[in-house]
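Here the protein sequences come in this chain order: A and B.
Numbered according to our numbering, the first sequence terminates at residue 144, and the numbering increases by one at each position without gaps.
Numbered according to our numbering, the second sequence terminates at residue 323, and the numbering increases by one at each position without gaps.
Hints in this document: simulated from the structure, not taken from any laboratory.
The reader is advised that the hints may include incorrect statements.
[Claimed, not checked] If you anchor each label on the Cβ, the simulated ranges turn out as follows:
hint: 1; chain 1: B; residue 1: H254; chain 2: A; residue 2: R74; range: 35 to 41 Å
hint: 2; chain 1: B; residue 1: W43; chain 2: A; residue 2: V73; range: 18 to 24 Å
hint: 3; chain 1: B; residue 1: L44; chain 2: A; residue 2: Q67; range: 16 to 22 Å
hint: 4; chain 1: A; residue 1: L68; chain 2: B; residue 2: F157; range: 44 to 50 Å
hint: 5; chain 1: B; residue 1: L196; chain 2: A; residue 2: R72; range: 34 to 40 Å
hint: 6; chain 1: A; residue 1: E66; chain 2: B; residue 2: A241; range: 26 to 32 Å
hint: 7; chain 1: B; residue 1: V199; chain 2: A; residue 2: D102; range: 57 to 63 Å
hint: 8; chain 1: A; residue 1: R125; chain 2: B; residue 2: T306; range: 34 to 40 Å
hint: 9; chain 1: A; residue 1: R126; chain 2: B; residue 2: V199; range: 33 to 39 Å
hint: 10; chain 1: A; residue 1: R72; chain 2: B; residue 2: L152; range: 33 to 39 Å
hint: 11; chain 1: B; residue 1: A203; chain 2: A; residue 2: G53; range: 53 to 59 Å
Every residue gets a Cβ at the ideal spot worked out from N, C-alpha and C, and that includes glycine.
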Amino acid sequence: MDVTLATLVWAPAICAIQRSAHSGLLYTDHRYIKSDVDEVREPTFLVLTALAGGPLHGYAIIQEAEQLSKGRVRLRAGTLYATLDRLSADGLVEEAGEETVDGRFRRYYRLSKPGTALLAAESSRRMAVSKEAIRRLRVLGAWA
Amino acid sequence: MTNRERIYSRLLTVYPRWYRERRGEEINSTLLEVAAAGGRFSWLEVAAIAVHGLRVRLGIGYERFAGDVLSLAALPGLMMGAGLALTLGILGDWLPHTTILAAHPAPIALQFGPFWTIGPVLYVLWVAGATVAAVRPRYEHAVAWVCLVATLATRLFGGLARPPTSPLLLLGLLGVPAALAPRTTRPRRQLPISLLSGVTVMAFIPVSDANAPFSGGYFFHPLYWNWGGVAVTEFPYLTGAALFLAVGMLFLGHWRGAGAVGLLMGPWLLQSSLGLRPSVLQWYGPSALPIVSAAVCSAVAVLLVTCWVVDVRRSRIPLIEPS
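Turn these sequences into a full structure, and let the hints guide you.
In structure tokens form, the structure reads like this:
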């Protein structure tokens, strides 16, 4: 391949890889977290909310999420650990110790400071939308 | 050890060793605690673990580049598959046998009810699946896996009544991003882009068929459609256009989008590269187009793997605080 053509094709690719080192990341509390986590899906929101009550192990998170959602969401283990992997990689949760109970190994997780900030921002956003929804429903007379 | 414990214990082997050493015991304990609390055995639970294990093995569980590229390519891939399926169905297998028999000089035995192949069932499944995935993103994974399994089953068990391997290979590969994508949330603008991808495929294939040598303006039936000719003469232009699109996106800094374009072009590039088979070359002779296509295919693969490896390595290094 001609050198000029090769440069034309590969140079932007390499530049893009270098740029990506910091693109999509948000610096907060002495760490980088993903800036595109504004799309917090419900299972993620439930896990973060569950952990806001204190450190929990895997099964306790599943139980807590089920209670918080009034039984509507039952996290599967595969989904839970995929979520925990992602949240850990983004620095939103961190490990908070291990123990063995009745021969079963438990690892505890807790919210990190960026995770707490994200949960606060997401809760505030959801609350603002809910308040507006209630206000409009009252106008319609559809809210008791 | 109960049956369920045995199943869970074996299930953990879907994870790579390093992950098992780190989380295996913990996941097993969680599964057993769910079971001890009276949770019924669920194959969906098993499937969730298997898919998670596969993603961890492939390094697409939470790494930014591969996961995001797959997520971006997921719905457009399904839509391209649906576009291809719709085209094959409308212009090919959907024709009642009497029409084809009337057009064909020699009598041909029926193969699947009123149709030539089992294709229509598969194509309807793809179109319905892509529609469901577009409207209900939460079902995207399930839809993709159903389409993939059905496509594979058609190839393996379809017997004489199966469509040719080439369209089945294309269909299968186009569904892979949706099956492996770690996230199903997507920006609103992805839906029109996905629809456009599907429509582009529908618009491109009949034109290719009309231009393909030996098609002779016959009719668009997969048994007659000259995939070899299309792969050799037409696909490289499509892939060339996609290459320009990908390079343009890289210039604009949309590196994930460029990766998704590269990934979605993979199946078509592969088809073009298969034009280098001796059985095809004996009909069409040596041509530079499939060679260029194979070179582009290799370049895109190297680029994607480079991005993937760079990203995976970066994600495992502790982030350094700026000075």
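Hints, verified against the model:
no., hint, in the structure
1, B:H254 / A:R74: 35 to 41 Å, "holds, 37 Å"
2, B:W43 / A:V73: 18 to 24 Å, "holds, 19 Å"
3, B:L44 / A:Q67: 16 to 22 Å, "holds, 21 Å"
4, A:L68 / B:F157: 44 to 50 Å, "holds, 45 Å"
5, B:L196 / A:R72: 34 to 40 Å, "holds, 35 Å"
6, A:E66 / B:A241: 26 to 32 Å, "violated, 50 Å"
7, B:V199 / A:D102: 57 to 63 Å, "holds, 58 Å"
8, A:R125 / B:T306: 34 to 40 Å, "holds, 37 Å"
9, A:R126 / B:V199: 33 to 39 Å, "holds, 36 Å"
10, A:R72 / B:L152: 33 to 39 Å, "holds, 34 Å"
11, B:A203 / A:G53: 53 to 59 Å, "holds, 55 Å"
The structure shown violates just one earlier hint, number 6.
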